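Chemist: For reference, the chains in residue letters:
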Amino acid sequence: MPRLSRWFIRCALAYLALGFTFGALMLFNKGVPFYPALWRLLPTHVEFLLLGWTVQLAMGVAFWILPRFSSSRGNEKAAWLAFVLLNVGVWLAGLGPLLGAPPVISFLGRLAEVGAGVAFAMHAWPRVKPLST
Amino acid sequence: MPALTRWFIKSSFVYLIAALIVGVGLAMQAPLHLPSALGSLMPVYLHLFMVGWVAQLIFGVIYWMFPKYSKEKPRGSEGLGWATCALLNVGLILRAVGEPLQALRPEAGLGWLLAVSAVIQWLAGLAFVVNTWKRVK
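Here the protein sequences come in this chain order: A and B.
Residue numbers for the first sequence follow numbering that gives the first Met the number 0, beginning at 0 and rising by one.
Residue numbers for the second sequence follow numbering that gives the first Met the number 0, beginning at 0 and rising by one.
Selected chain A positions facing chain B (in silico; Cβ < 7 Å):
(1) M0
(2) I8
(3) L12
(4) L15
(5) L26
(6) K29
(7) G30
The set of hints was computed from the structure by calculation and includes no laboratory data.
As the structure is a computational prediction, the values presented were derived from the model and not from experiment.
Note that CB positions come from ideal geometry on N, CA and C, so glycine has one too.
Take these sequences, add in the hints, and give me the full structure.
Modeler: Rendered as structure tokens:
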């Protein structure tokens with residue numbers, strides 16, 4: 000498994016653990032209320048699990064298993080850029096609302112996530128090809 | 000395909016169908032003027048879909064396809080793997096039953112179902128992460 004995939008997938012697993020923890024706290028609190036402010040974790044829970052876990056895992060596995068060129072995986076810099084932008088985006092968009100940051104922080108986070116999507120597509124697009132070429 | 004992966008993947012199909020059926024129920028609420036309490040199924044719908052179908056399918060495929068941990072233990076701890084599957088499914092079913100019940104009859108004191116479900120699903124997530132971490136190599 001290449002180094003970038005290991006980074007993507009280990010970060011995805013970390014977000015899975017954090018996202019499940021936040022979800023468990025909110026669900027517990029829904030059944031047996033003990034701290035009403037826990038509901039503020041909802042946007043972070045969603046962001047960490049949808050983008051941090053699911054999207055990041057997909058990118059990590061795709062970087063690993065998509066067809067390669069003769070001796071490389073193509074434009075790896077674009078894939079590394081996607082990794083950085085995705086994680087910056089998840090933190091800004093996920094933690095901004097939780098910490099009471101101004102809305103522009105969430106906006107910047109979502110913008111970074113768009114950049115991650117574009118960068119990853121630029122990397123992966125040429126690798127979506129028949130195995131023989 | 001290992002037995003645990005088959006359990007994960009076949010269970011995920013069951014949740015996919017269950018989630019889609021709940022989705023139909025939610026869509027019928029407004030046109031058929033069904034009780035507004037039916038709206039309490041929305042979180043159940045989302046979690047049957049994202050935990051029962053998406054996460055569980057991913058768990059099954061990862062358990063099957065990720066690099067082997069070692070020659071003796073190619074898939075890490077089988078016990079942790081089975082624990083993940085059992086805890087995730089028991090926790091999710093408890094939630095699917097407990098959440099609508101609590102919304103419909105809050106006086107019945109069934110909130111503990113959700114609390115137990117929360118702890119069980121959390122343990123499932125942690126067990127999966129621990130068992131998978133060492134296979135990311």
